[in-house]
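Using the sequences plus the hints, can you model the full thing?
There are 2 protein chains.
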Amino acid sequence: MARAVSLRPVGELELLPVAVDAMGGDHAPSAIVAGARAAADAGIAVVLVGPPELVGDTLGLPLVPCTEVISMDDDPAQSVRTKKDSSLVRAAELVRDGQACAMVSAGNTGATMGSALLRMGRLPSVLRPCIGAPIPRPGGTPVVLADAGANAECTPQMLVQFARMAAAYCTARYGVEQPKIGLLSIGEEATKGTPLVKETHELLLETGLNFFGNVEGRDLLNSPVDVIVTDGFTGNVALKTMEGALKFVMGVLGDVIGTDDETKAAGMTLLPHLLPFVGDLDPDAIGGAMLLGLGGVCIISHGSSSAKAITNAISVGRELAIGGSTSRIAASIL
Amino acid sequence: MARAVSLRPVGELELLPVAVDAMGGDHAPSAIVAGARAAADAGIAVVLVGPPELVGDTLGLPLVPCTEVISMDDDPAQSVRTKKDSSLVRAAELVRDGQACAMVSAGNTGATMGSALLRMGRLPSVLRPCIGAPIPRPGGTPVVLADAGANAECTPQMLVQFARMAAAYCTARYGVEQPKIGLLSIGEEATKGTPLVKETHELLLETGLNFFGNVEGRDLLNSPVDVIVTDGFTGNVALKTMEGALKFVMGVLGDVIGTDDETKAAGMTLLPHLLPFVGDLDPDAIGGAMLLGLGGVCIISHGSSSAKAITNAISVGRELAIGGSTSRIAASIL
Chain A
1 MARAVSLRPV GELELLPVAV DAMGGDHAPS AIVAGARAAA DAGIAVVLVG
51 PPELVGDTLG LPLVPCTEVI SMDDDPAQSV RTKKDSSLVR AAELVRDGQA
101 CAMVSAGNTG ATMGSALLRM GRLPSVLRPC IGAPIPRPGG TPVVLADAGA
151 NAECTPQMLV QFARMAAAYC TARYGVEQPK IGLLSIGEEA TKGTPLVKET
201 HELLLETGLN FFGNVEGRDL LNSPVDVIVT DGFTGNVALK TMEGALKFVM
251 GVLGDVIGTD DETKAAGMTL LPHLLPFVGD LDPDAIGGAM LLGLGGVCII
301 SHGSSSAKAI TNAISVGREL AIGGSTSRIA ASIL
Chain B
1 MARAVSLRPV GELELLPVAV DAMGGDHAPS AIVAGARAAA DAGIAVVLVG
51 PPELVGDTLG LPLVPCTEVI SMDDDPAQSV RTKKDSSLVR AAELVRDGQA
101 CAMVSAGNTG ATMGSALLRM GRLPSVLRPC IGAPIPRPGG TPVVLADAGA
151 NAECTPQMLV QFARMAAAYC TARYGVEQPK IGLLSIGEEA TKGTPLVKET
201 HELLLETGLN FFGNVEGRDL LNSPVDVIVT DGFTGNVALK TMEGALKFVM
251 GVLGDVIGTD DETKAAGMTL LPHLLPFVGD LDPDAIGGAM LLGLGGVCII
301 SHGSSSAKAI TNAISVGREL AIGGSTSRIA ASIL
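Taken in order, these protein sequences are the chains called A and B.
With the numbering used here, the residue at position 264 of the first sequence is 264, and numbering never jumps.
With the numbering used here, the residue at position 311 of the second sequence is 311, and numbering never jumps.
Think of the hints as simulated: they come from the structure by calculation, not from any bench.
Treat the hints with caution; some may be incorrect.
Identical copies go unnamed one by one, so any copy, or any two together, can satisfy a pair.
[Claimed, not checked] Mimicking DSSO-like on lysine-lysine, the simulated pairs with C-alpha atoms at most 30 Å apart in a straight line are:
#: 1; residue 1: K308; residue 2: K264
#: 2; residue 1: K180; residue 2: K247
#: 3; residue 1: K198; residue 2: K264
#: 4; residue 1: K84; residue 2: K192
#: 5; residue 1: K247; residue 2: K308
#: 6; residue 1: K247; residue 2: K264
#: 7; residue 1: K180; residue 2: K198
#: 8; residue 1: K247; residue 2: K198
#: 9; residue 1: K84; residue 2: K308
#: 10; residue 1: K198; residue 2: K308
#: 11; residue 1: K264; residue 2: K192
Shown next as structure tokens:
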């Protein structure tokens with residue numbers, strides 16, 4: 001399935017726009033186009049991809065036309081094969097064909113992965129690409145959680161590759177040298193967890209990576225490590241649990257502050273002090289997750305992405321492309 | 001390993017005290033003894049278990065003396081076999097021997113499970129006991145998460161039993177008839193997840209249980225179901241992730257409110273409105289998790305349990321014992 005990839009020189013990528021799936025996400029196309037416009041205004045070249053009649057006003061941005069759209073409900077594996085002229089598949093082709101330096105989509109995650117994998121190909125020796133999702137760490141660089149949901153079933157060898165790729169990504173994106181790696185388990189002891197975790201623990205000790213040891217669910221938001229490695233099932237459950245808990249508390253706080261004039265005034269007093277934390281925890285400010293292990297840069301943004309989230313994702317996509325993240329990731333597993 | 005169990009008549013249990021491991025937990029023995037004293041003051045018979053010289057002042061409560069203590073760091077499997085005169089093992093024996101209606105410990109979770117399993121035995125047909133942990137649901141009954149950490153590796157047949165036992169427990173503890181069952185996965189579709197999840201999904205459809213379908217991590221605190229079924233690895237990661245996220249936000253809020261006099265005043269204004277939520281989310285108010293599938297009632301309290309948490313755990317233990325929860329759970333899997 002994976003084709004041989006030859007990486008483009010970074011200097012060549014610098015001249016290319018970021019391809020943006022105009023039809024992906026709950027607020028597409030309006031929020032996507034607005035976010036792309038803001039990125040363009042900040043000096044980043046972008047090109048939209050989508051059916052002209054559905055995208056509507058492009059706000060002056062270039063549009064690569066196509067005829068199909070993969071919806072959130074479409075079966076990922078099937079849709080990327082049958083909808084070959086969809087905005088997702090065409091965006092991935094622009095990266096493959098050297099017409100874009102990176103792609104960004106807030107659409108169907110499985111189909112985004114499938115399009116990127118089929119069109120950009122897998123890096124040599126990569127068993128499976130994974131999702132590296134940034135988890136905010138107030139006052140520090142985000143923690144990279146990998147795999148955040150691409151592979152429900154994993155082998156120890158896959159998890160070791162996730163660790164290598166996520167470490168390279170952490171260095172490329174956040175400048176962290178020798179990132180500390182944690183393995184998600186249900187206790188700090190090497191003897192705790194599933195056979196998958198125990199075997200991966202042993203293998204990680206031999207990699208030469210900066211392996212910290214096991215970490216637990218409670219460490220996600222207060223992490224002693226820079227990278228958390230896990231299978232895509234556990235990673236996805238943990239990430240959504242964390243997001244759900246944060247959203248829940250924010251909702252409670254919003255309700256309480258909105259109770260009456262007195263509580264509103266109290267909320268206004270606290271707001272300037274809370275804002276730095278809210279900003280740090282805001283998924284829209286984080287810039288999306290990256291697919292690790294492909295022959296090009298693909299950024300997956302939240303389905304609920306706002307224009308701001310898309311602008312950030314575009315910016316991150318370009319930085320990773322011209323920063324040579326793909327070469328770094330390729331080198332990490334050779 | 002499991003012995004045949006014969007359940008005691010509920011009327012007999014009503015006359016028995018709750019056995020409390022005086023040496024279990026980060027704040028043992030002082031918080032444990034104080035919590036037991038408060039339960040006794042509320043009219044619940046309790047008996048402490050522990051080495052007299054370590055327990056110290058029992059505040060007038062009866063003490064079953066023993067000579068050993070299993071620490072948090074002790075290997076669970078080994079310690080329950082070698083430390084036969086430990087407070088944990090002796091507490092489980094009191095239940096087995098009809099001298100206590102239930103046991104409560106905030107100590108080493110693995111050793112608590114081991115002691116209870118070895119001494120009380122497994123209910124007939126139970127493949128594996130599991131931990132049923134209550135997750136607070138503000139404004140409603142708590143959601144029972146099973147397995148919250150007893151079995152890192154599970155089969156579909158085990159998960160189906162967890163669903164049955166947790167449903168019986170949910171009815172016994174919270175009075176919910178025909179509890180709605182959710183299966184923790186990474187998407188609502190039956191086709192999402194690991195082979196374990198997919199096969200369990202199929203089996204749950206045939207059980208006659210009130211099976212809702214798959215739920216996701218984000219549903220833990222905002223749940224459409226009364227019971228969430230998962231393997232003990234995923235359940236433990238999800239529970240700790242949720243607790244970590246809540247603790248993190250509470251910490252941020254506390255810091256912000258403590259900034260200066262103005263923010264303290266604002267905090268005082270919001271406090272009465274926040275308290276109901278904080279109370280609902282307070283693990284100390286929840287009363288601990290129950291081991292499901294044993295021949296007696298064993299309540300596992302948080303390692304960080306306060307006196308209040310222990311009082312609640314004792315109260316829950318007694319209620320479950322005299323409410324016939326063990327018979328209900330036994331009946332659920334026959």
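Consistency of the hints with the structure:
1. In the homo-oligomer, the alpha carbons of K308 and K264 lie at most 30 Å apart inside one protomer (26 Å), although the nearest pairing across protomers, at 33 Å, exceeds that limit.
2. In this assembly of identical chains, the alpha carbons of K180 and K247 lie at most 30 Å apart whether taken from the same copy (28 Å) or from different copies (23 Å).
3. For a Cα distance limit of 30 Å, the shortest separation of K198 from K264 qualifies neither inside one copy, at 51 Å, nor across copies, at 47 Å.
4. Taking identical chains as interchangeable, the C-alpha atoms of K84 and K192 lie at most 30 Å apart only when they sit on different chains, with a minimum of 24 Å there against 45 Å within one chain.
5. Taking identical chains as interchangeable, the C-alpha atoms of K247 and K308 lie at most 30 Å apart whether they share a chain (18 Å) or sit on different chains (28 Å).
6. For the identical chains of this complex, K247 and K264 are neighbours both inside a copy (20 Å) and across copies (24 Å), given an alpha-carbon limit of 30 Å.
7. For a Cα distance limit of 30 Å, the shortest separation of K180 from K198 inside one copy, 18 Å, qualifies, whereas the shortest one across copies, 34 Å, does not.
8. For the identical chains of this complex, K247 and K198 are inter-copy neighbours only, at 28 Å across copies versus 33 Å inside a copy, given an alpha-carbon limit of 30 Å.
9. In this assembly of identical chains, K84 and K308 lie within 30 Å of each other by CA distance solely inside one copy; the values are 29 Å within and 61 Å between copies.
10. For the identical chains of this complex, K198 and K308 are neighbours neither inside a copy (41 Å) nor across copies (37 Å), given an alpha-carbon limit of 30 Å.
11. With identical chains, the CA atoms of K264 and K192 are never at most 30 Å apart, being 47 Å at best within one copy and 43 Å at best between copies.
Checked against the numbered hints listed earlier, the structure breaks hints 3, 10, 11; every other hint is satisfied.
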